[in-house]
Amino acid sequence: MAKRGKRYSEQKDVRVDFTPMVDMNMLLITFFMLCTTMIKSQTLQIALPTNEKVEQNEQNKAKESEAITILLDSDVDENGVATKEYVYFYEGIAMITPDGSDSNLQESEFLGNEDGVARGIRAVLQKKNKDVYTKIVDLKAKWKAKEFSKKDEVNDSIYKAKAKEIRNDSTLTRPVVIIKATPRASYKSVVTALDEMQINNISRYQIDRITHDDSTMMKPYWDKREAAKK
Amino acid sequence: MGRVKTEKKKPFIDMTAMSDVTVLLLTFFMLTSTFLNKEPVTVITPASVAEEKVPEQNLLTVLVNPEGKVFFAISGDRDSTYSSEKMREAILTNAVETYNKSHSQKIQLTKENVKTFGSTYMYGLPFAKLKEWLEMPLDQRDKYLDPSKPEGAGAGIPIDMNKDLEKPNEFQIWMRAAYNTDNENFKKAVKSGLGVAIKADASTPYEVIEVVMDNLQTLKMNKFSLMTALKTEED
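Which chain is which? The protein sequence lines are A and B, in order. For the first sequence, position 225 matches number 225 in our numbering, and the numbering has no gaps at all. For the second sequence, position 105 matches number 105 in our numbering, and the numbering has no gaps at all.
Relax, there's no trap hidden among the hints.
Derived pair list, reagent style DSS-like, types lysine-lysine, alpha-carbon separation capped at 30 angstroms:
#1 K140(A) <-> K231(B)
#2 K151(A) <-> K140(A)
#3 K160(A) <-> K231(B)
#4 K142(A) <-> K53(B)
#5 K223(B) <-> K140(A)
#6 K53(B) <-> K144(A)
#7 K151(A) <-> K231(B)
#8 K162(A) <-> K191(B)
#9 K191(B) <-> K40(A)
#10 K53(B) <-> K162(A)
#11 K220(B) <-> K164(A)
Worth flagging that the hints you see were computed from the coordinates, not collected in a lab.
Just chain B, same shape as in the assembly:
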């Protein structure tokens, strides 16, 4: 009996090698990947053979969902003078200023409000709801942007076929505000056609895209890019 007991040794598996492998994998993932930005609607972009990558900096993304609701996101320069947060804050101040000039119901924003806007990746609501939205807690803000939720029924920046820049629509106010920040690199990117990208779902009807394109044309941002997924060219 005693002899049998001594043979029942606790097996010890050396996990050092395993640990090495996992750390290596972890390092790989940390270095190669970029974090997903939270977008209120998920879109599946159509495929194309275009190989040019989406720039990471100085990019204005216009997200269009199949129902024609428009959202936008800004990423600024890598340096801290025009970081994404600073860009967003500047855009908000610019846009609200333009809006207040032409509307009797003025929007008064606190510093806190501006800061909240700076930390949100994507925005898409009418001006009338802006202040109210900025004062909500984070999870509520997400809900109000998501058109699939009951709260998000009013999501999307109002847009129409407006050609009169004296009376810009809300989309045009935002786009102009974005262009008129002091970030020269972003201006350059817009002029070269890499600064503005339209991201829309493959099934979106063309009339919706046409309105967005028409607005960009009116704003003289007639060079822009369309975000697509990669498709290999069949020979």
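For reference, chain A alone in the conformation it holds in the complex:
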């Protein structure tokens, strides 16, 4: 009995103080939180035509009824940083009066959606791409209801394949969008314009250089903006 009692007294409660351990862990966590990223950037893929000189008659000209040209411009401050973005567009070919005071150029804005209804340039593009857009909307509804497959992955892949098919369907009237930006237009507006192509499911678009006609058309708008500033 005496022996037993002794043994009990030796079995003391061993308690390790974990406080320094916790301190150290917290420090490490802070370090990791500050030095790492979890958000990965996204990429927007674009393909530009080759830079080689193409003969004028070899260029495949877009059909007039299908073409829409978007002109991008920005107001800049004294450091050349864009302060406000402007969007102009014209359908078909550029039409300017001989004195350059009037043209078929219209002003618009990047407004996005409001209550599910497209506004600004998005509404214009959506109208142009109505054939494709309505089909995609139908398809999307089916995708949301998981009509293609109960499995998420299969459902997604079927949706994507079908959407691609619709976008590239040459029997539908699909617009050709030409995006042109002035030298002072911000990079942001170019990306937003490219983004609109994705949102509106436009498969045919290109980035082009601004021409003399384009700047002549924009001149009245520039004057107006200058006047508004004063």
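We have chain A; now place chain B onto it with these hints.
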């Protein structure tokens, strides 16, 4: 008095549970995160609905700051034959060789110099300053790349609207050197359009981007990607 003293026991808080939680959090952070690469200029990329993620391997990033200064970074293959370091070293040797062919002032690099280049994530200086820069200590090198510092006034790879590949500009020399390493996976990535990415600040004027795009077009790298932040599509 004595009785009161015995009641004043030292409180012992069991930190084991707390420790468990912190270790768990730590493991989570270590597994999910990737380290930030040191970039000489911070840019805020514009947002887009594009969902494709930036690849981690075989990527050439062209960083453009709002003033039009150009930098580039390379990440190689995961396997050791074409690791990022090896890729950078190969690019440097290639580029210097091309440069020496057309310039009277030849650049002679030591092994040490090449190694230093291999360990730097991003580079952006004219060839004329390359050797000098590679021999600086690390903190000085960072300063010379940062355009916001007085030392970094000359940062950025010289670039212009050059269409004549017989006389390439410095940017074109670098891009070609990158393409002409023996890393076939990188070549494939470039051809598919995932190999080259432009990372530019949202407020950069388009004329600056246009020069970069034009150069890439001239180099027949006309498929490339633009780095953007994620924006959700409003329905």
